[in-house]
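Participant: Going by the numbering used here, the residue at position 24 of the sequence shown is 24; the numbering climbs one at a time, nothing skipped.
These are computed hints drawn from the structure, not numbers from a lab.
Bear in mind that the values here come from a model prediction, so they are computed numbers and not experimental data.
Check the hints yourself; a few may be wrong.
[What the hints assert, rightly or not] Straight-line alpha carbon distances no greater than 20 Å define the calculated DMTMM-like cross-link-like pairs of lysine to aspartate or glutamate that follow:
| id | residue 1 | residue 2 |
| --- | --- | --- |
| 1 | K98 | D112 |
| 2 | K201 | E261 |
| 3 | K228 | E261 |
| 4 | K191 | E156 |
| 5 | K98 | E118 |
| 6 | K218 | D250 |
| 7 | K76 | D89 |
| 8 | K122 | E68 |
| 9 | K256 | E223 |
| 10 | K256 | E198 |
| 11 | K201 | D240 |
| 12 | K218 | D234 |
| 13 | K218 | D203 |
| 14 | K76 | D112 |
| 15 | K256 | D234 |
| 16 | K191 | D145 |
| 17 | K257 | D240 |
| 18 | K157 | E68 |
| 19 | K122 | E63 |
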Amino acid sequence: MIEPTYRSNMQCLKFIPPILSILSYQALHVILVLSIVGYAVPTCAHSARTILQDSTLTGYVLELESGEPLQYVEIKNLTTGELVESRADGRFSIAVKKNGRLQFEYPGYRTDTLVVIEFDIKRVYLTSDGSAIQIDEVQIQAMTDTRLAAEIKRAEKEGQFTETSQQRGGVRISPSRWFGNEGRQARQRHKQLLAEQERRKIDARFTPEVITSLTPLKGQELELYMTKYRPTVDFLSTADEADLRLYIMDTYAAFKKLTPEQRADIKAPTDESP
1 MIEPTYRSNM
11 QCLKFIPPIL
21 SILSYQALHV
31 ILVLSIVGYA
41 VPTCAHSART
51 ILQDSTLTGY
61 VLELESGEPL
71 QYVEIKNLTT
81 GELVESRADG
91 RFSIAVKKNG
101 RLQFEYPGYR
111 TDTLVVIEFD
121 IKRVYLTSDG
131 SAIQIDEVQI
141 QAMTDTRLAA
151 EIKRAEKEGQ
161 FTETSQQRGG
171 VRISPSRWFG
181 NEGRQARQRH
191 KQLLAEQERR
201 KIDARFTPEV
211 ITSLTPLKGQ
221 ELELYMTKYR
231 PTVDFLSTAD
241 EADLRLYIMD
251 TYAAFKKLTP
261 EQRADIKAPT
271 DESP
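Model the full assembly from the supplied sequences, consistent with the hints where possible.
Facilitator: Shown next, in the form of structure tokens:
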């Protein structure tokens with residue numbers, strides 16, 4: 001129940017007694033557990049303006065079957081466009097007005113919309129859509145880094161062929177996950193997603209700007225050099241900026257020694273290998 005801050009506002013509010021202590025319902029395949037303990041109906045303009053001001057809604061996003069928290073769930077205020085993500089413990093906070101709508105979206109789970117009535121802590125349960133999504137290279141490249149990380153986590157989970165038993169302990173092997181079509185697709189998708197993640201890590205440091213600051217390369221020669229001497233993500237994970245500069249200068253010296261025939265054989269890497 002909402003109580004007025006000042007006695008002068010008492011006449012502006014009339015209270016409706018609590019009807020339900022807990023209301024659980026399913027909308028668009030997402031189970032929302034909301035605490036409803038009654039609400040205040042404004043009877044004057046001042047109270048209406050006060051209640052309609054932005055408030056911060058806090059809650060947790062959980063997986064319905066396991067109850068595990070879901071990280072990287074995108075929560076969007078459909079009125080303002082504000083977008084936040086849930087943390088590792090599933091917690092989120094977002095500004096929203098009373099009667100505002102929030103959309104919850106996560107790869108592999110059904111999207112749902114919550115209408116905010118009360119501002120107490122919400123627990124939002126998402127249900128898996130049960131699909132084995134096929135992702136092509138264009139879709140992968142269009143993903144944000146956050147979405148890519150979430151897809152990698154999902155594909156890794158779907159492609160596992162062993163699982164830990166919570167009741168009996170130990171590890172249980174699941175042949176259906178190993179030999180099944182969905183398991184194979186998930187492992188292939190996992191390889192594609194990891195390859196894209198590694199590509200982005202390399203592109204973030206091995207850039208034309210860095211190379212042209214150390215060499216006179218430009219145009220087609222720059223493209224050939226960057227294809228031929230593209231570093232690995234393992235090297236970049238341990239190399240500092242000085243190591244990278246030395247690598248570029250050493251490989252540029254080797255590039256200058258290539259014959260025209262050797263340069264003609266340089267081809268862009270394919271997407272077949274992870």
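Participant: Assess, step by step, whether the Cα of K201 is no farther than 20 Å from the Cα of E261, and give holds or violated.
Facilitator: Given that 20 Å is the threshold and the Cα spacing comes to 31 Å, the pair is violated.
Participant: Holds or violated: K256 with D234, Cα cutoff 20 Å?
Facilitator: The given pair, whose Cα atoms are some 25 Å apart, is violated under the 20 Å limit.
Participant: Verify the proposed pairing of K98 with D112, using a straight-line Cα cut of 20 Å.
Facilitator: With a Cα-Cα distance of about 18 Å, the restraint between K98 and D112 holds, given a limit of 20 Å.
Participant: Does D234 lie within 20 Å of K218 when you go C-alpha to C-alpha?
Facilitator: violated (27 Å)
Participant: Hint check: K228 vs E261, CA-CA at most 20 Å. Holds or violated?
Facilitator: Holds, because 14 Å separates the two Cα atoms, which is no more than 20 Å.
Participant: For the pair we were handed, K191 and E156, check the Cα-Cα distance against 20 Å.
Facilitator: holds (9 Å)
Participant: For a C-alpha distance cap of 20 Å, please report whether K76 and D89 respect it.
Facilitator: Holds, at roughly 18 Å.
Participant: Within 20 Å, alpha carbon to alpha carbon, are K122 and E63?
Facilitator: holds (14 Å)
Participant: K201 and D240: Cα distance at most 20 Å?
Facilitator: holds (14 Å)
Participant: Is the Cα-Cα distance between K98 and E118 20 Å or less?
Facilitator: holds (7 Å)
Participant: K256 and E223 were given as a pair; does the straight-line alpha-carbon distance stay at or below 20 Å?
Facilitator: holds (14 Å)
Participant: Taking only the CA atoms, is the gap from K76 to D112 under or equal to 20 Å?
Facilitator: holds (11 Å)
Hint compliance for this structure: hints 2, 10, 12, 15 and 17 are not met, and every other hint is.
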